[in-house]
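K.L.:
This is what each chain is made of:
There are 2 protein chains.
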Amino acid sequence: MPELRKDPFTDRWVIIATDRAKRPSDFRFSASEKGKEECVFCGGHENETPPEVFAIRTAGEPNAPGWDVRVFPNMYPALRTEGDIDGGNVGMCDMMNGIGAHEVIVETPDHSKELVDLDVVDIKKVLVAYRERINDLGRDVRFKYVLVFKNHGKDAGASLQHSHSQLIATPITPKRVKEELQVAREYHESRGRCVFCDYIEQETRLFGDRLIREDENFVALAPFASSFPFEVWILPKRHSPYFVSMSDEEMEGFAVMLKDVLNRIRVVLNDPPFNYVLHIAPFRRPKADCCETREEYHWHLEITPRMTKLAGFELGSGFNINPTPPEIAAEMLRGA
Amino acid sequence: MPELRKDPFTDRWVIIATDRAKRPSDFRFSASEKGKEECVFCGGHENETPPEVFAIRTAGEPNAPGWDVRVFPNMYPALRTEGDIDGGNVGMCDMMNGIGAHEVIVETPDHSKELVDLDVVDIKKVLVAYRERINDLGRDVRFKYVLVFKNHGKDAGASLQHSHSQLIATPITPKRVKEELQVAREYHESRGRCVFCDYIEQETRLFGDRLIREDENFVALAPFASSFPFEVWILPKRHSPYFVSMSDEEMEGFAVMLKDVLNRIRVVLNDPPFNYVLHIAPFRRPKADCCETREEYHWHLEITPRMTKLAGFELGSGFNINPTPPEIAAEMLRGA
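Quick mapping for you: the protein sequence lines, in order, are chains W and C. -6 is the number of the first residue of the first sequence in the numbering used here; add one for each residue after it. -6 is the number of the first residue of the second sequence in the numbering used here; add one for each residue after it.
Just so you know, the hints here were simulated from the structure itself, not pulled from any lab data. Everything numeric in this text was worked out from a predicted model, so none of it was measured. Take the hints with a grain of salt, since some may be wrong.
Mimicking EDC-like on lysine to aspartate or glutamate, the simulated pairs with C-alpha atoms at most 16 Å apart in a straight line are [as the list claims (entries may be wrong)]:
no.: 1; chain 1: C; residue 1: Lys302; chain 2: C; residue 2: Glu(-4)
no.: 2; chain 1: W; residue 1: Lys147; chain 2: W; residue 2: Asp264
no.: 3; chain 1: W; residue 1: Lys171; chain 2: C; residue 2: Asp4
no.: 4; chain 1: W; residue 1: Lys230; chain 2: W; residue 2: Glu242
no.: 5; chain 1: W; residue 1: Lys252; chain 2: W; residue 2: Glu107
no.: 6; chain 1: W; residue 1: Lys147; chain 2: W; residue 2: Glu172
no.: 7; chain 1: W; residue 1: Lys(-1); chain 2: C; residue 2: Asp87
no.: 8; chain 1: W; residue 1: Lys168; chain 2: C; residue 2: Glu172
no.: 9; chain 1: W; residue 1: Lys230; chain 2: W; residue 2: Asp191
no.: 10; chain 1: C; residue 1: Lys27; chain 2: C; residue 2: Asp110
no.: 11; chain 1: C; residue 1: Lys171; chain 2: W; residue 2: Glu172
no.: 12; chain 1: W; residue 1: Lys171; chain 2: C; residue 2: Glu172
no.: 13; chain 1: C; residue 1: Lys106; chain 2: C; residue 2: Glu31
no.: 14; chain 1: W; residue 1: Lys230; chain 2: W; residue 2: Glu209
no.: 15; chain 1: C; residue 1: Lys171; chain 2: W; residue 2: Asp4
no.: 16; chain 1: C; residue 1: Lys168; chain 2: W; residue 2: Glu172
no.: 17; chain 1: W; residue 1: Lys137; chain 2: W; residue 2: Asp79
no.: 18; chain 1: W; residue 1: Lys(-1); chain 2: C; residue 2: Asp79
no.: 19; chain 1: C; residue 1: Lys(-1); chain 2: W; residue 2: Glu(-4)
no.: 20; chain 1: W; residue 1: Lys(-1); chain 2: W; residue 2: Glu172
no.: 21; chain 1: C; residue 1: Lys15; chain 2: C; residue 2: Glu(-4)
no.: 22; chain 1: C; residue 1: Lys230; chain 2: C; residue 2: Asp208
no.: 23; chain 1: W; residue 1: Lys252; chain 2: W; residue 2: Asp264
no.: 24; chain 1: W; residue 1: Lys252; chain 2: W; residue 2: Asp112
no.: 25; chain 1: W; residue 1: Lys137; chain 2: W; residue 2: Asp191
no.: 26; chain 1: C; residue 1: Lys168; chain 2: W; residue 2: Asp4
no.: 27; chain 1: W; residue 1: Lys15; chain 2: W; residue 2: Glu(-4)
no.: 28; chain 1: W; residue 1: Lys230; chain 2: W; residue 2: Asp208
no.: 29; chain 1: W; residue 1: Lys168; chain 2: C; residue 2: Asp4
no.: 30; chain 1: C; residue 1: Lys(-1); chain 2: W; residue 2: Asp79
no.: 31; chain 1: W; residue 1: Lys106; chain 2: W; residue 2: Asp264
In isolation and in its complexed conformation, chain W is listed as follows (with noise of 0.2 Å):
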C-alpha cells in the first residue's frame, strides 16, 4: 500500500509509492562523464575565470595557481550584483531588477576528482569558502539570502564537471525559505522547542530505522518525508540557525560527515547525479520582515539524488512521488 507523508518541516506531502518500490538497479540516469582535458576551473587556468573573489591557497599570487579552493563570479551569471535594487510593476504584475550575486566555488583545482575524493582537511576548506562567502555577501544590506548549493552529473543541472558548489544572494527571501522559518517559528510558538531538535531526538532516540549514521556533533538520516528516493539530510545537534556559527571543531566534523555521506550515496547508488542545498536562515537585517524568524530556525544540508524526473504531477501539484521508502534507502545506505 502506498503512503501519503507530510514533511514536518513545510507541510508538503509526498507520496511513497510502495508498490513500485525501487532498488538501486532500477534507476537509469546519465552517467556522469568526465572528460580528461582541462578546463577553465583547472588550476592553471585562473585567466580564463573572472577574477577571484576568494581563494584559499598554500603558494602564489591571487588569480595563479597554487590554490586549493577558489571562488569567483559566475560568468554567466543570473543575477548581477552591480546596482542599486529598483521595483516596478507592469499592470498588475511585481518586478525588481536582478541584482544579486551569482558565485562559483571550484572545490579543487584537479579536474579528475570529486569532492567526496578529497581529504578531510580540504573538504574543510570548501566549507571555509562557504562562511567566508556567506559572511562577505551578508554585509551587503542589498541581499536578504544566499542560496549554497551544488549540482553533480548532467541530469542534477551541471553544466561544466569539474567539481564545483555554486551560491545564489538574492534580494528576496525564497519561498521555500520562508516555508521552513514559518513552520519553525509556529512550532516554536506553540511547543517552545525547535522542531528539528525534536525531529533529530525522535529519530536518533525513538526510532532508529531512518538513520544513517550519527556522531558527536551531527546526524545523517533519510527524512520521513523524503521527496527523492535515497535523499539524506545531515543536520547539526547543535541548535544555530546559521551554517556561519560552527566552531573550527565542529567543521571539521561536519567535513568528516560529508565526505562519508556522499560515499555512501556514490558506493550504493552508483555515482548518481545529485544537488544538495544548504538550508540557512536569513541575514540578519534590522528590519526584518514579519515572517522571517531566524532564532527558532536550524541550519542542515539537504542532499538530494536525482534518478527520478520531475513530470507534471510534481510541477502542477507541489508533491513530489518517491518509489523509494527512507527506511530502505536508509538500511541500505547504513550497511555501505
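Starting from the known structure of chain W, arrange chain C on it as the hints suggest.
P.N.:
What follows is chain C alone, placed relative to chain W:
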C-alpha cells in the same frame, strides 16, 4: 540586466535571466524517440491493460478494438483506490494511507500519432474523457482533487511514448493548488474581481507582447512570470472554476486552441519534451477546508516545455531561472 518577476497567482518569484537569453536552437534535450513497434496502449492490445473505466468508441465491445480514446487504471499506480482513508502519525510526523486513483487516458489507438496530430474532433474526445473522469471521480467523497496532466518526451517524465495523458485523484488538495486558491480568494476579497479575469483583460487589452493567440472564447499567452522557457497558458475568457462546466461549443473551441498552441510549440522548438497540467478548483464538498475557496478560481491549462533542468537552486529556493523572456517566446510562437 536580468529581472525578478513575481507570479501574481502564486506569489512565487522567477529569475528571467536576460543575459543568458536563449533561442530555441540553444537548448539541448533528448529527442522523443518513438519506436515503431506496437505497445500495450495500441489498439488491439486491450487485454494487456487493466479493464477500461471509460472509452469513446465507434465500434466494438468494451476492452476490444474500435475506440478513439480509452481510459484505464495505471498498471503501476502511485495511489490505490481500494480502502478507506486512514490517517496516523509516526512520532511527530503525519501520514495517511495512499488512497487515490491513478488512471491513464490513451489519446489515440494509433501508435504513430501525437495529440497534436489528431483532428480537432478527436482532440475534443480526449477533453470529453477528462471531463467524464473528473465528474466520475468527483462522486467519490474520499477524493478532494484530481490533477489531469500530460508528460510528453523522456525529459518531461514520460516512460511510455504512445500518446497519453494521466490523472491522479488525491485525498488532499495539493499545496500548489491551495496556494493559487488562496491568492484568488484574497484578490477577490480586496477588489471584488477575479485575478485571472483581470490578468486576461490586461494582457489582451493593455499589453499584447505576451499574447500568442486569442479567439472568441480562449486566450493563449506566455505568462509574465514564466517559470520555464516558452511556457504557455490557455485560459477561458468566461470565468469558471471548473473545466467540467464548459459547453460543447466551448470545448470544441478549446480543442482548436490546444491543437494550435501545441503545434506552434512543436514547430518553434522542434518537438520538445513538455508537460501540461489542468488547473481546476477542488471538488465541491459540503464541508470544505477554510482555505479552499472555489468560486473565485478560474480554470486554465499550463503548458511547460522542459528544456532546462531543475537544479539545486530551483529545488532549494522554489524560484526558477528562466533564460527566455516570455515576450521573446510569445513573439516566436505568434510568428510560427
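K.L.:
A separate judgement is required for each hint: does it hold in the structure or not?
P.N.:
Right, here's what the structure says about each hint:
This hinted pair does not check out: Lys302 (chain C) and Glu(-4) (chain C) have alpha carbons roughly 20 Å apart, beyond 16 Å. Restraint check: the Cα-Cα separation between Lys147 (chain W) and Asp264 (chain W) comes to about 12 Å, which is no more than 16 Å; the hinted pair holds. Pair hint Lys171 (chain W) plus Asp4 (chain C) holds up; C-alpha atoms about 12 Å apart against a cutoff of 16 Å. A distance of roughly 14 Å separates the Cα atoms of Lys230 (chain W) and Glu242 (chain W); the hinted pair therefore holds under the 16 Å criterion.
At most 16 Å may separate the alpha-carbon atoms for a hinted pair to count; Lys252 (chain W) and Glu107 (chain W) meet this at roughly 10 Å. A distance of roughly 29 Å separates the Cα atoms of Lys147 (chain W) and Glu172 (chain W); the hinted pair therefore is violated under the 16 Å criterion. With a C-alpha separation of about 5 Å, the suggested pairing of Lys(-1) (chain W) with Asp87 (chain C) holds against the 16 Å cut-off. Proposed proximity of Lys168 (chain W) and Glu172 (chain C) is supported: the alpha carbons are some 12 Å apart, at most 16 Å.
For the proposed pair Lys230 (chain W) and Asp191 (chain W), the alpha carbon gap of about 10 Å is at most 16 Å, so the pair holds. A threshold of 16 Å between alpha carbons decides the hint, and for Lys27 (chain C) with Asp110 (chain C) the separation of about 15 Å falls inside it, so the pair holds. Of the pairs offered as hints, the one joining Lys171 (chain C) and Glu172 (chain W) holds, with about 14 Å between alpha carbons and a cut-off of 16 Å not exceeded. Taking the CA atoms of Lys171 (chain W) and Glu172 (chain C), the gap is near 14 Å; set against the 16 Å cutoff, the hint holds.
For a cut-off of 16 Å, the pair hint linking Lys106 (chain C) to Glu31 (chain C) stands: about 12 Å separates their Cα positions. A C-alpha spacing of about 8 Å is found between Lys230 (chain W) and Glu209 (chain W), which places the hinted pair at or below 16 Å, so the restraint holds. Restraint check for Lys171 (chain C) and Asp4 (chain W): satisfied, since their Cα atoms lie roughly 12 Å apart, inside the 16 Å limit. Note on Lys168 (chain C) and Glu172 (chain W): the hinted pairing holds, with a Cα-Cα distance of about 12 Å set against a maximum of 16 Å.
Our distance criterion of 16 Å between C-alpha atoms is met by Lys137 (chain W) and Asp79 (chain W), whose separation comes to about 15 Å. Annotation: proposed proximity of Lys(-1) (chain W) to Asp79 (chain C) holds, straight-line Cα distance about 14 Å (limit 16 Å). The hinted pair formed by Lys(-1) (chain C) and Glu(-4) (chain W) fails the criterion: a straight-line CA distance of about 34 Å is larger than 16 Å. With a C-alpha separation of about 14 Å, the suggested pairing of Lys(-1) (chain W) with Glu172 (chain W) holds against the 16 Å cut-off.
A threshold of 16 Å between alpha carbons decides the hint, and for Lys15 (chain C) with Glu(-4) (chain C) the separation of about 15 Å falls inside it, so the pair holds. Distance restraint check for Lys230 (chain C) and Asp208 (chain C): the Cα-Cα separation of roughly 9 Å lies within the 16 Å cut-off, and the hinted pair is therefore satisfied. Pair hint Lys252 (chain W) plus Asp264 (chain W) holds up; C-alpha atoms about 14 Å apart against a cutoff of 16 Å. Between Lys252 (chain W) and Asp112 (chain W) the alpha-carbon distance is near 8 Å, which keeps this suggested pair within the 16 Å criterion.
For the given pair, Lys137 (chain W) sits about 28 Å from Asp191 (chain W) by alpha-carbon distance, which is inconsistent with the 16 Å threshold. With a CA separation close to 8 Å, the supplied pair Lys168 (chain C) and Asp4 (chain W) stays within the 16 Å bound. Between Lys15 (chain W) and Glu(-4) (chain W) the alpha-carbon distance is near 15 Å, which keeps this suggested pair within the 16 Å criterion. The straight-line distance between the Cα atoms of Lys230 (chain W) and Asp208 (chain W) is roughly 9 Å, inside the 16 Å bound, and the hint therefore holds.
For the proposed pair Lys168 (chain W) and Asp4 (chain C), the alpha carbon gap of about 8 Å is at most 16 Å, so the pair holds. Restraint check for Lys(-1) (chain C) and Asp79 (chain W): the C-alpha separation of about 14 Å stays at or below 16 Å, so the hint holds. With a CA separation close to 13 Å, the supplied pair Lys106 (chain W) and Asp264 (chain W) stays within the 16 Å bound.
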